[in-house]
Amino acid sequence: MSSSRIEILNDGGLRHDARRPYELRSTSFQLNTHPTAEGSSTVTQGLTTVQVSIFGPREPRQRSQASHDKAIINVEVGVVPWAQGGGGIKRVRGDKRLQEIGASIRQTFEPVIMTHLYPRSEITINVQVLSADGGILPTSINATTLALISSGISILDYITSISIGLYLKQPLLDLSFLEEQDLPNLIISCLTNSNKITLAQMETRLHIDRFEEMLNLGLEACKVLKIEMELIVKEQTEKIVERMNVKSIISSNASGMNIDE
Amino acid sequence: MFSVKTILPTSTQSFSDDILSTHRRHQAELDAMDLDEDEFGAGPSKRNIVTPGEVITSSKEYMRGHGTYVEDVNVVSSVTGTIERVNKLISVKAIRSKYVPEVGDLVIGRIVEVGPQRWRVEANGRQDAVLMLSSVNLPGGVQRRKIESDALKMREFLAEGDLLVAEVQAFFGDGAMSLHTRSLKYGKLRNGQLLSVPPQLIRRLKSHFHHIPPPCGPTGVDVILGLNGYVWVSNGTSQEKREGGEGFDSEGVYSDKNDDIPPEGRQATSTITNLIKILADEGIPLTDTLIEESFNWINQNQLPLGSIAHNDAERMLAEIVGIDITA
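Line by line, the protein sequences are chains A and B. If you count the first sequence from 1, position 74 lands on 74 in UniProt numbering, and the numbers rise without skipping. If you count the second sequence from 1, position 270 lands on 270 in UniProt numbering, and the numbers rise without skipping.
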């Protein structure tokens, strides 16, 4: 069926990287990985790593762009020169595909960020792909959600994203670059609490009977990702809250010292 | 065509489920438990921390404040942070965010543009702040009228890149802040260095001007904690000079020249800067007593001034603040 050199699913039902069809790649979420940005995160899914930093809300760099009643959102996407390995993106910046990814990220987040709270300002989302092995867009969206959360910008909900491929009749989750090349694939991102889909992107054709199954599977996977993200966010937040409350210890220390004197 | 089934939300919201159940009680029962402070009460309990999209409570009984929005009949959090409740008003305080100004706040800013009758000031806010020519003190007396020639000489007073300390006077319609420097405490900054920390670490205090007395450098060190997260650490001056008493140089307030600072003074300034950096990197709220105590600790342990070694910083944090960063 496909002209593939690799075996998408072997006789044992495993994919080329020994995953089962519904198995996600190993993920890691890190918060606050950029020293000067208002919020940042690094997300790794398999061999794809993306760092997102949020700058703003701040005074727009070009004041003519400013909107009087809401914040404007800028998305910049860059790929480091050594990320390509199996990436397929030739240019580092300004590539058509990168521009498209940037536009998709902007469209995904524009309705979710409460921009009306930040009039006459600009929010810059800087996406830096550190290593690419398929699923750049879903990973970038996941990283952007975390970066927005760490920046304290008001958003409606977590947005998580995943790619779903179809091999014969078997849907596969979280495609690697090789699978992405060979299979028809669908990228969805959704608001996990309300089940609203903010992005569904498909560049290849597939049979309509399979679409619903893939969509539901994707939603399920998005929820799993959200649970993982929330764990990390809560853990981090608890640490920060703890540090913010050391004040009580300090004041008791200080009063203790006064008595000594 | 295909149809999309709606999947019921999985119960990942154990928190909201807990909370809501208490609100489904009978009104009489609710009245009786009005004193229930633990529900959203103070204290770093796990239940107080919410993330975006998390249902906090019913909007029928509570009003939504900052950091929340209403969806259907629920008050839902829109940021990550701690729940704060004032009577029936529920808000969520973000753990990290841009500086949110209030009238009367002391801020430190940098001039980015000189415009007609006004300066634009970058003050770490959502938008640039505005400093009107009419809200500054000009040399030659507090009550002096501003004349046309003053408007032409604006760049002589404050030029692009100059740092100043000011107070938030009012807000414009779009939320931009308007500053004023109509006090001898405020004005242009010199003889020191700026550092930027997360704004949440600076609490609203009685005074934001602190003086760390002489064992710290020959004349002490002055620290200004701007509420916008900018901190100014400078070579110390005497009490009178700071507050416009004897020896206050009213012509010198817009001077661009630094005074002669002895090496010991520079060293003390950089020590204090480094201490503030260490504390801020660990997310510890900054107060004058804390900064002074950590300097005293350095002094008592007879550590070299200037840069502070990593293991000394660890020891200091453990002994002064009581936290272990090695863990």
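In short, the hints are calculated from the structure, not lab data. Any given hint might turn out to be false.
Covered stretches of chain A, going by a simulated chain B footprint (3 or more residues, C-beta under 8 Å) [unchecked claim]:
(1) 45-52
(2) 101-111
(3) 128-140
(4) 145-158
(5) 188-197
Result set (DSS-like, lysine-lysine): computed pairs, CA atoms no more than 30 Å apart in a straight line [said to hold, decoys possible]:
(6) K70/A <-> K153/B
(7) K234/A <-> K153/B
(8) K70/A <-> K60/B
(9) K223/A <-> K93/B
(10) K257/B <-> K277/B
(11) K206/B <-> K88/B
(12) K185/B <-> K257/B
(13) K277/B <-> K185/B
(14) K239/A <-> K185/B
(15) K239/A <-> K277/B
(16) K60/B <-> K88/B
(17) K239/A <-> K153/B
(18) K146/B <-> K234/A
(19) K206/B <-> K196/A
(20) K185/B <-> K70/A
(21) K88/B <-> K234/A
(22) K257/B <-> K153/B
All residues carry an ideal CB built from backbone N, CA and C; glycine is no exception.
Against the structure, the hints:
1. Coverage of the segment 45-52 of chain A by chain B is violated. Counting CB-CB distances below 8 Å, 0 residues qualify, and the rule asks for three or more.
2. Figure legend: the segment 101-111 of chain A, annotated as covered by chain B; annotation inconsistent (0 residues with Cβ-Cβ distances under 8 Å, at least 3 required).
3. Chain B is given as covering the segment 128-140 of chain A, and this is violated because 0 residues of the stretch bring a CB closer than 8 Å to a CB of that chain, at least three being needed.
4. Here the segment 145-158 of chain A counts 10 residues with a CB under 8 Å from a CB of chain B, which clears the bar of 3, and the coverage holds.
5. With 5 residues bearing a CB less than 8 Å from a CB of chain B, the segment 188-197 of chain A meets the requirement of three and the coverage assertion stands.
6. Distance restraint check for K70/A and K153/B: the Cα-Cα separation of roughly 36 Å exceeds the 30 Å cut-off, and the hinted pair is therefore not satisfied.
7. In summary, the hint linking K234/A to K153/B is not supported, as the alpha carbons are separated by about 53 Å, beyond the 30 Å threshold.
8. Taken as a hint, the K70/A and K60/B pair is honoured in the structure, with Cα atoms around 28 Å apart against an allowance of 30 Å.
9. In summary, the hint linking K223/A to K93/B is supported, as the alpha carbons are separated by about 26 Å, within the 30 Å threshold.
10. For the suggested pair K257/B and K277/B, the alpha carbons sit about 26 Å apart, so the restraint of at most 30 Å is met.
11. Annotation: proposed proximity of K206/B to K88/B holds, straight-line Cα distance about 29 Å (limit 30 Å).
12. Proximity of K185/B to K257/B is assessed by CA-CA distance (about 18 Å); at most 30 Å being required, the pair is judged to hold.
13. The hinted pair formed by K277/B and K185/B meets the criterion: a straight-line CA distance of about 25 Å does not exceed 30 Å.
14. Pair hint K239/A plus K185/B does not hold up; C-alpha atoms about 37 Å apart against a cutoff of 30 Å.
15. At roughly 19 Å between alpha-carbon atoms, K239/A and K277/B fall within 30 Å of each other, so this suggested pair holds.
16. Distance hint between K60/B and K88/B is fulfilled; the C-alpha atoms sit about 10 Å from each other, no more than 30 Å.
17. A threshold of 30 Å between alpha carbons decides the hint, and for K239/A with K153/B the separation of about 51 Å lies outside it, so the pair is violated.
18. Between the alpha carbons of K146/B and K234/A the distance comes to roughly 54 Å, so the proposed pair goes past 30 Å and is violated.
19. Among the hinted pairs, K206/B with K196/A is inconsistent with the structure: their alpha-carbon atoms are about 48 Å apart, more than 30 Å.
20. Simply put, K185/B and K70/A have alpha-carbon atoms about 36 Å apart, too far for the 30 Å limit, and the pair is violated.
21. Using a Cα cut-off of 30 Å, the hinted pair K88/B and K234/A holds, with the two alpha carbons roughly 25 Å apart.
22. Only pairs whose Cα atoms come within 30 Å are accepted, and K257/B paired with K153/B is accepted, the gap being roughly 18 Å.
Of the numbered hints given earlier, the model fails hints 1, 2, 3, 6, 7, 14, 17, 18, 19, 20; all others are met.
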